[in-house]
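*Asks:* Sequence:
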Amino acid sequence: MTEPDKGRGRAAPWPRGGVGRRLVWAWPAAWRDLARAAWESIKKWTLADVAPGRLVPWLPVAFGAGIALYFAAEREPFAWAAAVLTAICITAAVLARKRPVAFPIALAFTAASAGFTTATLRTVLIAHPVLERSVYAAVAGWVEVRQERDRSDRIVVRVQRFEGRGVKEIPERVRIAVRKGAAPPVGSFVELNARLAPPVPPLRPGGYDFARDLYFQKIGGSGFIMGRIKALDPPAAQDWPLRLAAAIAALRDAIDRRIRAVVPGDEGSIASALITGKRDAISTPVNDAMYVSSLGHVLSISGYHMAVVAGILFFGLRGVLALVPILASRYAIKKWAALAALAAGAFYLVLSGAQVATQRSFIMVAVVLFGVMVDRPALTLRTLSIAALIVLLVAPEAVVHPSFQMSFAATLALVAGYERGLPLMMAKADTSPGARIALWGGREILGIVLVSLLAGTVTTLYAVYHFHRLAPYGVLANLLAMPALSLWIMPAGILGVLTLPFGFDGFFWRLMGDGIGWMIGVAVWVAGLPGAVGRIVAFGMGPLLLGTAGLLLICLLRSPLRWSGAVVGAIASLWALTAPVPDVLVAADGRALAVRGSAGRLSVVKASGTAFAIREWLAADGDARAPDDASLSEGVTCDGAGCIAQLADGARVSLALSPESFEEDCRRAAIVVTPREGPRACAALLIDRNVLRQTGAAALTRKKDGFDIVSARPRGYDRPWARALDAPDDTATPSSRRRPAQRDATPREGELEVGD
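Numbering (the working numbering), first residue to last: 3 to 758.
Please note that a few of the clues may not be correct.
[Claimed, not checked] Computed beta-carbon distance windows for the label pairs:
1. W41 - A650: 50 to 56 Å
2. A199 - T48: 50 to 56 Å
3. W33 - L395: 49 to 55 Å
4. A53 - A334: 30 to 36 Å
[Said to hold, decoys possible] Distance condition first, Cα-Cα at most 25 Å in a straight line; then the derived SDA-like pairs of lysine to any residue:
5. K220 - R124
6. K100 - L57
7. K45 - I107
8. K45 - R99
9. K336 - I314
10. K220 - R160
11. K336 - V499
12. K232 - Q149
13. K706 - G602
14. K46 - V569
Honestly, the hints are just simulated from the structure, not real lab data.
The C-beta atom is built at its ideal place from N, Cα and C for all residues, glycine as well.
Modelling step: build the complete structure from the supplied sequences, incorporating the hints.
*Replies:* Dropping the structure here:
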């Protein structure tokens, strides 16, 4: 305290000397100069990154972010509200067009709102009924899709007549599993009896939303056949889309039969998959080896296949035309070749079944070839931006699909690497060492290694998020197999298709089969190496979004600021590796649950028919065990009334299958799960049929004051593919101190197509 000034009656200041002296610390001059220089550099780099034209690649990013925001909503947005928001953003962008800072910001909001509106309108345009509950039904209709699978076949029927008790709205299409070899051809009019159910909801909180996927395929229910399929005379003539689909399916089936007649076994099945897109006949061991070795992308026709087909036709035809001097000197043969390659790509799209991943690939290749025809650079970030915008406009639901995420991430990294001088990393052939390296194929080998490393690195986060496992030897497998695919397998396949009408195709199919045999051998060998499978615990959407932001910063920024993306990516990786694991998992039907015991592993308590969910739980937990592994029942005791398992702290978790077990389980267990309607007066945390109808699958984590509950469908969630059901009473909320919350959806590998 200061001593009062006795003469003036106020506080006197501290003297300049002594203990009351005020200390002032100043930054060293060198530090100030360094900070000033750093700030000036950051301003210069920022101005360079926002210079005219540099922000164009960010438009599809904002557009896709708006679509992702649409899928994150808990309730279906109103289309008029989304349209009004977009109109307001467009108006703001027009008014701010002369302002250097406000205009890019307004344009970003406009692109995001446009993406949100596009996804909303897409859902409105394809609106169709979805089954609300399981039902036995008599179905008659047209077969639109036929798929051959390892153990059974599957058909999609456009419903013309539907008889099922208690069904309020008849679905337009249903997907039905039938006996192996019993699927009728596309275009048939059939009648059958089937057990149908609503599309499968997420198998766990954070699991892939199969119902959403089927909704955008316009399928309102799925199930299996009961009895035989009856082929009937159609009540009316086929419309032209069905006639076209039937003709394409007949062509695909004919080529498939021819290939597999010449090349039996998995070699023929993979050859057919590469040409016709029919990949369901590949045996499970080979299919697993392909995915474990990181060669699974070969089985799904996407960017790589479309680029190889278009590239072979483009360079091959251009080389042939160049042999004719009068054509090469007078005409734009490069543009002719590009047009022919575009036509070949379109035929390949139709022949392969025009799956969503293939459609995206064709759009990307078409944009590149169109750039060649109009004398514009082909491999640029702007070209990729245009392709992404077209894809998202046509199918906005693709933004949540793994094939879109992985294919565009890999392509973005490769294009950015090409623009930043990736070819310069290889030895130049105009030097003596470079010439020797080029002579022995060193440049090509180095190129494959660099491309595999780059594409594999940027897609790792997406592969781990969707499939919960790594492929440590992926670069090795791709290095050994991809040259054979590009230079041997696919050229032989193209020649096989071209010579098929003339009857000389057998030689090329056998040649293609020999190359595929090499690729299968590589996959099986790599899959058998020690540590070939790296399993990762599932994590949420946060690390994925943060990692995507890091990738965008690295690839889209030109200044040294792009290296901030590496820091962001490292933070995302650490976040993903520290993801928590639940203590209890509950199936959506209440007939199975998994409990984490004292050993830290899951023990499974189940009634029946739950292998699909258990396989997903184990994969998300980084557990290599199969659903039928005997160790899954460790610590589980069962009787006729239900089963009991214990948590790590000794708390009991009960699966109650009969009403007689409620009294004891509610008194002694911490959690009671039942597919029935449980008693209201239950001391335990009760998760019964009423709760599960509202929330779907659930994950519980032990806390000091109870359990933290995360549900796949939080209360109030109401989307066209998952309509909210009215709760019968207040028991539809589990008696926990913590409210259920929603997590993001992650897909599982066997059910999805993955592009490269």
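*Asks:* Look at each hint and say if it fits the structure.
*Replies:* Each hint tested on the structure:
A C-beta distance of roughly 52 Å is found between W41 and A650, which places it inside the suggested range of 50 to 56 Å. Against the hinted window of 50 to 56 Å, the Cβ-Cβ separation of A199 and T48 comes to about 54 Å, which satisfies the hint. Taking the beta carbon of each, W33 and L395 are about 51 Å apart, inside 49 to 55 Å as hinted. Distance hint for A53 and A334: a CB-CB separation of about 33 Å, consistent with the stated range 30 to 36 Å.
Of the supplied pair hints, the one linking K220 and R124 holds, its CA atoms being roughly 12 Å apart against a limit of 25 Å. With a C-alpha separation of about 16 Å, the suggested pair K100 and L57 falls inside the 25 Å cut-off, and the hint holds. A hinted pair counts as satisfied when its Cα atoms are at most 25 Å apart, and K45 with I107 qualifies at roughly 18 Å. Our distance criterion of 25 Å between C-alpha atoms is met by K45 and R99, whose separation comes to about 22 Å.
For the proposed pair K336 and I314, the alpha carbon gap of about 13 Å is at most 25 Å, so the pair holds. The hinted pair formed by K220 and R160 meets the criterion: a straight-line CA distance of about 10 Å does not exceed 25 Å. A C-alpha spacing of about 24 Å is found between K336 and V499, which places the hinted pair at or below 25 Å, so the restraint holds. For the hint pairing K232 with Q149, the CA-to-CA distance comes to about 18 Å; that is within 25 Å, so the pair holds.
Note on K706 and G602: the hinted pairing holds, with a Cα-Cα distance of about 18 Å set against a maximum of 25 Å. This hinted pair checks out: K46 and V569 have alpha carbons roughly 21 Å apart, not beyond 25 Å.
Every hint from the earlier list agrees with this structure, and none is contradicted.
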